[in-house]
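Protein chains: 2
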Amino acid sequence: MADTAITPTRAQNYPEWYQQVIVAADMAENSPVRGCMVIKPWGYAVWENMQAVLDRMFKDTGHVNAYFPLLIPLSFLEKEAAHVEGFAKECAVVTHHRLKGDGNGKLIPDGELEEPLIIRPTSETIIGHQFAKWTKSYRDLPILINQWCNVMRWEMRTRMFLRTAEFLWQEGHTVHATAKEAQEETLQMLDVYQKFAEEYMAMPVIKGMKTPDERFPGAVDTYTIEALMQDRKALQAGTSHFLGQNFAKASEIKYLSAEGKEEFAWTTSWGVSTRLIGGLIMTHSDDNGFVAPPRIAPLHVVIIPIYRNDEEKAQVLEYVQSLAKDLKNQSYVGSGIRVKIDDRDMRGGEKAWQYIKQGVPVRVEVGPRDMAKGEVFVGRRDKGPKEKASQGRDAFVQGIGSLLQEIQDGLLERAKKFRDDNIKKITSLADFEKHFTGDESSAPGFALVPWCEAGVGHELLGKLKVTPRCAPLNQEAVSGNCIFSGKPATKWVLFAKSY
Amino acid sequence: MADTAITPTRAQNYPEWYQQVIVAADMAENSPVRGCMVIKPWGYAVWENMQAVLDRMFKDTGHVNAYFPLLIPLSFLEKEAAHVEGFAKECAVVTHHRLKGDGNGKLIPDGELEEPLIIRPTSETIIGHQFAKWTKSYRDLPILINQWCNVMRWEMRTRMFLRTAEFLWQEGHTVHATAKEAQEETLQMLDVYQKFAEEYMAMPVIKGMKTPDERFPGAVDTYTIEALMQDRKALQAGTSHFLGQNFAKASEIKYLSAEGKEEFAWTTSWGVSTRLIGGLIMTHSDDNGFVAPPRIAPLHVVIIPIYRNDEEKAQVLEYVQSLAKDLKNQSYVGSGIRVKIDDRDMRGGEKAWQYIKQGVPVRVEVGPRDMAKGEVFVGRRDKGPKEKASQGRDAFVQGIGSLLQEIQDGLLERAKKFRDDNIKKITSLADFEKHFTGDESSAPGFALVPWCEAGVGHELLGKLKVTPRCAPLNQEAVSGNCIFSGKPATKWVLFAKSY
Numbered sequence: 001m002a003d004t005a006i007t008p009t010r011a012q013n014y015p016e017w018y019q020q021v022i023v024a025a026d027m028a029e030n031s032p033v034r035g036c037m038v039i040k041p042w043g044y045a046v047w048e049n050m051q052a053v054l055d056r057m058f059k060d061t062g063h064v065n066a067y068f069p070l071l072i073p074l075s076f077l078e079k080e081a082a083h084v085e086g087f088a089k090e091c092a093v094v095t096h097h098r099l100k101g102d103g104n105g106k107l108i109p110d111g112e113l114e115e116p117l118i119i120r121p122t123s124e125t126i127i128g129h130q131f132a133k134w135t136k137s138y139r140d141l142p143i144l145i146n147q148w149c150n151v152m153r154w155e156m157r158t159r160m161f162l163r164t165a166e167f168l169w170q171e172g173h174t175v176h177a178t179a180k181e182a183q184e185e186t187l188q189m190l191d192v193y194q195k196f197a198e199e200y201m202a203m204p205v206i207k208g209m210k211t212p213d214e215r216f217p218g219a220v221d222t223y224t225i226e227a228l229m230q231d232r233k234a235l236q237a238g239t240s241h242f243l244g245q246n247f248a249k250a251s252e253i254k255y256l257s258a259e260g261k262e263e264f265a266w267t268t269s270w271g272v273s274t275r276l277i278g279g280l281i282m283t284h285s286d287d288n289g290f291v292a293p294p295r296i297a298p299l300h301v302v303i304i305p306i307y308r309n310d311e312e313k314a315q316v317l318e319y320v321q322s323l324a325k326d327l328k329n330q331s332y333v334g335s336g337i338r339v340k341i342d343d344r345d346m347r348g349g350e351k352a353w354q355y356i357k358q359g360v361p362v363r364v365e366v367g368p369r370d371m372a373k374g375e376v377f378v379g380r381r382d383k384g385p386k387e388k389a390s391q392g393r394d395a396f397v398q399g400i401g402s403l404l405q406e407i408q409d410g411l412l413e414r415a416k417k418f419r420d421d422n423i424k425k426i427t428s429l430a431d432f433e434k435h436f437t438g439d440e441s442s443a444p445g446f447a448l449v450p451w452c453e454a455g456v457g458h459e460l461l462g463k464l465k466v467t468p469r470c471a472p473l474n475q476e477a478v479s480g481n482c483i484f485s486g487k488p489a490t491k492w493v494l495f496a497k498s499y
Numbered sequence: 001m002a003d004t005a006i007t008p009t010r011a012q013n014y015p016e017w018y019q020q021v022i023v024a025a026d027m028a029e030n031s032p033v034r035g036c037m038v039i040k041p042w043g044y045a046v047w048e049n050m051q052a053v054l055d056r057m058f059k060d061t062g063h064v065n066a067y068f069p070l071l072i073p074l075s076f077l078e079k080e081a082a083h084v085e086g087f088a089k090e091c092a093v094v095t096h097h098r099l100k101g102d103g104n105g106k107l108i109p110d111g112e113l114e115e116p117l118i119i120r121p122t123s124e125t126i127i128g129h130q131f132a133k134w135t136k137s138y139r140d141l142p143i144l145i146n147q148w149c150n151v152m153r154w155e156m157r158t159r160m161f162l163r164t165a166e167f168l169w170q171e172g173h174t175v176h177a178t179a180k181e182a183q184e185e186t187l188q189m190l191d192v193y194q195k196f197a198e199e200y201m202a203m204p205v206i207k208g209m210k211t212p213d214e215r216f217p218g219a220v221d222t223y224t225i226e227a228l229m230q231d232r233k234a235l236q237a238g239t240s241h242f243l244g245q246n247f248a249k250a251s252e253i254k255y256l257s258a259e260g261k262e263e264f265a266w267t268t269s270w271g272v273s274t275r276l277i278g279g280l281i282m283t284h285s286d287d288n289g290f291v292a293p294p295r296i297a298p299l300h301v302v303i304i305p306i307y308r309n310d311e312e313k314a315q316v317l318e319y320v321q322s323l324a325k326d327l328k329n330q331s332y333v334g335s336g337i338r339v340k341i342d343d344r345d346m347r348g349g350e351k352a353w354q355y356i357k358q359g360v361p362v363r364v365e366v367g368p369r370d371m372a373k374g375e376v377f378v379g380r381r382d383k384g385p386k387e388k389a390s391q392g393r394d395a396f397v398q399g400i401g402s403l404l405q406e407i408q409d410g411l412l413e414r415a416k417k418f419r420d421d422n423i424k425k426i427t428s429l430a431d432f433e434k435h436f437t438g439d440e441s442s443a444p445g446f447a448l449v450p451w452c453e454a455g456v457g458h459e460l461l462g463k464l465k466v467t468p469r470c471a472p473l474n475q476e477a478v479s480g481n482c483i484f485s486g487k488p489a490t491k492w493v494l495f496a497k498s499y
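Keeping their order, the protein sequence lines are chains A and B. Mapping the first sequence onto the working numbering, position 218 (from 1) lands on 218, and the numbers just tick up by one. Mapping the second sequence onto the working numbering, position 493 (from 1) lands on 493, and the numbers just tick up by one.
Same shape as in the complex, but just chain A (with noise of 0.2 Å):
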């Protein structure tokens, strides 16, 4: 065995580690359609768990879910100029809706659509168009809708869970009488969207207003957050748009006020995908596989029977159906602890490497001597695989919810004290320069600079490689000029090599 359980280290070849990872921990994989993957059961389960948490936030803020169409008539997307500019180089378009006979064995299309559809790449269109039917007064407002669902982009360079030509999200689509609804909405999701990464995720994020060139087409304002990857290279995580007026304009979404009045309303979206557990993977993960915060982690706790022969067998089984039966009533953030016994017959050590693989946070081999003793041998995966301990089983039981915590404190802390050392303030040209001029397979994390809006679309940004990532909500007082333009700086901005 290497010294490591994943070849290339991260070191060595950080993009293909990042493969190898999701391979190691069987998350997910290739299929033989074009820029879709395969979310397999451990990658799955991580989803649901993500799911679960975010869903109750979205609720617990006023939301309700519901279901639109997948497909979209072309005109809708024409009826907002910038959104169809955006998304019409990557639309999955259907044109017909039957099969035929060649007349040489094959299939060929049939059945031509008088209007062609489009797999949505985002639903503003077709909710709007329904939206315009259920806003009729001041009454019916504030609509606040979410939707689980699949969509689909025709990236032309896809990578597992960072970018997928179809992909699973969530889009939240509101409605309000007021700009300042509207607004406060949008800011609410995204403080939604900080929480969960860093409470759940255990990955710190910058929350943030996108510079105008990189505005979700269609929108005012696009809110972000963005999060540093163990490459230094930045991964917008999640988004939330005023929409302004643009697509209740685009769909006459209209009401009449209190006072009689038509109005336009005034819509919100914001989203986040599977690409989330792209950012999980590279946030946590080793060079021994993936580690999972617990508090999404598909397992919390394996338990690993250690004998020689069936008597050793029958008897560390029954010790060990205890253990997982006590460790299950032990409770961790307001539900049960995920356990698990593997009584597969193999070796001892190969189970372990598995679970060191695919990131379960806490180990537990038991064996005749442990039993013994009323012990229980624990290994935490974000300790070194041979940093394994014994410890009495009752205190192990007792403890295993204030573990967990400390496991997921332990990541989010080492997760931010990363991202904060690889922030550098940078006033020049110059120095932004020399900052990101090098090894095309490194990037030095965020540049925060000083900026204004003269400034979009600077050459050296495209020769760079290097984006805006956006304008930290929280900011210092800005002086001086912006490096882009020379012209006097209106707001720190922070930039970066992306995902």
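Just so you know, these hints were derived from the structure itself, not from any lab. Careful, some of the hints might be misleading.
Repeated chains share a single entry, so a pair holds when one copy, or any two copies, can fit it.
Listed below are the simulated SDA-like cross-link pairs for lysine to any residue, each with C-alpha atoms no more than 25 Å apart in a straight line [what the hints assert, rightly or not]:
(1) Lys59 with Ile341
(2) Lys136 with Asp26
(3) Lys388 with Pro109
(4) Lys434 with Asn481
(5) Lys195 with Phe418
(6) Lys136 with Met346
A quick note: this is a predicted structure, and the numbers were derived from the prediction, not measured.
Given the structure of chain A, go ahead and fit chain B onto it with the hints provided.
The following block gives chain B in isolation, referenced to the frame of chain A:
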């Protein structure tokens, strides 16, 4: 106000009544995309409750969730002859991957694909392709997977929930080493569906095997649960397929046995969809709207405060908030009571009718006089809208779990009696014809007839628009001849007009 909240009534025009119940309960609406519906929050909340129960039942029987691509290469569909035959005429076909301007301000499809892709009508072929990679040795078996997703079948005549071009469903797909194990899985999942339909939806079903002409395209055996709607038409509510080695051969799902021999595996698939919501509506609803069985109702109890002025309002609201809190702490089927206080400024009667139409099991009205007496005024959705009664507040709170179960049991009992009253044994073709001849708008229920395989496709069936529903698994010994072929009968088979 008319005598009933829904116009027309069931007796006047059943199909239109069904549509109007959906409108009145605000569960769904048609979309601008042909045959695709919008599932509105109240309808989607029912689906979420159904999903939660089914998902738990699937996991308790050892299944895990995963996700496979929406799009399927045309060539995959061609691999199984019966399968392609069954689905080719209703496939949405993706032929292009972007849009471009036509020079006249309109968008047209661009970027033609080398091989067209179809939107999954079901996923046997794409999942089979992945299973072939996952299945190397008998040690990898069984594989027990479920997928929650959307699918598309381009139906020509659609009806909300019952038959839509796009629908939501779950599709289970499993791989086994032996025919026996696959058959056991097929029947196990049929039992799960029956349990769900009867214990949660309060919808009695008959488990049976489909006749050969009604099998899933590519299946060896298709099992079904069949329900009877209030217009005495049957509804296929869920199916479970023993696929033999048909799809294993088409997708090359092979494994090395314990004896080191390469074998084709045996597969199953099984699914239920949002169609169940249509069945739910048609099983319990009445001329005042939807009736939600408590176990899957979005809300269990709605509280309507009654007051004449602000002073009364404050007092009553305080009283109902404490009532709601106490109700929430009671439990029903392992979780809390779902309670809402409706304090909108509207007439109490108007509110009450909204919840009657939406099918909330229990309505509670509370005004100053009820408060003074420590009472609540309770209406049950399974009784007439005027049959309301006063009850002591604490007794009502203590008894809410039992009351909900009483309502649940009553719905099942009523539906079961209706179903049982509408099954008739028929042993001659003349009686069969007489039984099913009559007004187009109504149906006479199930006919149970002696049948043999040679009777498949009798011309009378098409003329009467009657189909074989299933051979009930639980059946008496059959004697005499098949009424269609005149040859010795092998089974009793249920026939009906159906959805």
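Okay, the hints, checked on the actual structure:
| no. | hint | result |
| --- | --- | --- |
| 1 | Lys59 with Ile341 | between (34 Å within a copy, 16 Å between copies) |
| 2 | Lys136 with Asp26 | between (50 Å within a copy, 15 Å between copies) |
| 3 | Lys388 with Pro109 | neither (60 Å within a copy, 59 Å between copies) |
| 4 | Lys434 with Asn481 | within (19 Å within a copy, 91 Å between copies) |
| 5 | Lys195 with Phe418 | within (19 Å within a copy, 52 Å between copies) |
| 6 | Lys136 with Met346 | between (65 Å within a copy, 17 Å between copies) |
Consistency with the previously given hints fails for number 3 only.
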